[in-house]
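Enquirer: For the sequence shown, the UniProt record's numbering begins at 1 and goes up steadily by one.
Straight-line Cα separation of at most 25 Å, DSS-like style, residue types lysine-lysine; simulated pairs:
| no. | residue 1 | residue 2 |
| --- | --- | --- |
| 1 | Lys40 | Lys155 |
| 2 | Lys85 | Lys148 |
| 3 | Lys40 | Lys163 |
| 4 | Lys71 | Lys47 |
| 5 | Lys105 | Lys148 |
| 6 | Lys16 | Lys47 |
| 7 | Lys163 | Lys148 |
| 8 | Lys155 | Lys85 |
| 9 | Lys71 | Lys105 |
| 10 | Lys71 | Lys16 |
| 11 | Lys16 | Lys105 |
| 12 | Lys40 | Lys16 |
| 13 | Lys163 | Lys47 |
| 14 | Lys163 | Lys85 |
If you anchor each label on the Cβ, the simulated ranges turn out as follows:
| no. | residue 1 | residue 2 | range |
| --- | --- | --- | --- |
| 15 | Pro35 | Glu117 | 32 to 42 Å |
| 16 | Glu57 | Ala154 | 28 to 38 Å |
| 17 | Pro161 | Glu121 | 31 to 41 Å |
| 18 | Lys85 | Arg13 | 31 to 41 Å |
| 19 | Leu120 | Lys163 | 32 to 42 Å |
| 20 | Thr172 | Leu133 | 16 to 26 Å |
| 21 | Glu28 | Ala157 | 18 to 28 Å |
Hint data in this document are derived by calculation from the structure and do not stem from the laboratory. A virtual CB, placed ideally from N, CA and C, is assigned to each residue, including glycine.
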Amino acid sequence: MSTHYQVRPATLRDAKAIAQIHTAAALEAYRGIVPDDQLKAMSSVEKRQAYWREAIEFCEPQVQVAIDGDKIVGFVGFDRSRDPKSRQTTGEIWAIYATPSHWNKGVGITLWDAAREGLLEEGCTNVTCWVPLRNERALRFHEMAGFKREMTTAKTAQVGPIKIEEVRLQRTLNG
Numbered sequence: 001m002s003t004h005y006q007v008r009p010a011t012l013r014d015a016k017a018i019a020q021i022h023t024a025a026a027l028e029a030y031r032g033i034v035p036d037d038q039l040k041a042m043s044s045v046e047k048r049q050a051y052w053r054e055a056i057e058f059c060e061p062q063v064q065v066a067i068d069g070d071k072i073v074g075f076v077g078f079d080r081s082r083d084p085k086s087r088q089t090t091g092e093i094w095a096i097y098a099t100p101s102h103w104n105k106g107v108g109i110t111l112w113d114a115a116r117e118g119l120l121e122e123g124c125t126n127v128t129c130w131v132p133l134r135n136e137r138a139l140r141f142h143e144m145a146g147f148k149r150e151m152t153t154a155k156t157a158q159v160g161p162i163k164i165e166e167v168r169l170q171r172t173l174n175g
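From just these sequences and the hints, can you work out the full model?
Expert: As structure tokens, then:
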């Protein structure tokens with residue numbers, strides 16, 4: 001597994017590349033989970049670019065990118081937990097994606113390490129993330145990174161016109 005990736009905070013100029021990676025990875029990850037017509041509805045790079053530009057501009061969430069040579073190959077968005085009633089010391093991985101050509105090549109773990117460091121600097125002691133129950137690749141990745149499923153948190157999330165069953169995963173940041 002290669003870990004030669006540089007990680008740096010995202011800039012506004014990175015928003016388009018982030019949106020392209022987010023779209024390509026989501027389309028690949030959700031093929032067979034979400035009907036094709038609904039996948040097409042999710043594939044607007046422009047909408048995602050606007051979202052990520054705003055996130056980068058306002059640091060909500062904090063966004064970092066992984067670079068291979070001079071090309072962005074992945075990104076992570078992280079911040080305090082958005083879950084109601086979560087402790088102030090709980091962080092959340094809002095999004096973590098690698099371009100499909102770089103799956104299983106260490107991009108995700110490099111981004112996770114950067115997010116963990118950032119959350120520790122923010123004073124967080126544990127971290128959560130929400131993952132679709134049918135996204136086996138994402139569940140395996142997070143479990144390999146030490147996250148545990150909290151099955152009592154399973155819920156249906158509305159993503160545009162699509163309903164997706166999600167479960168929260170969590171882990172401590174110190175271990």
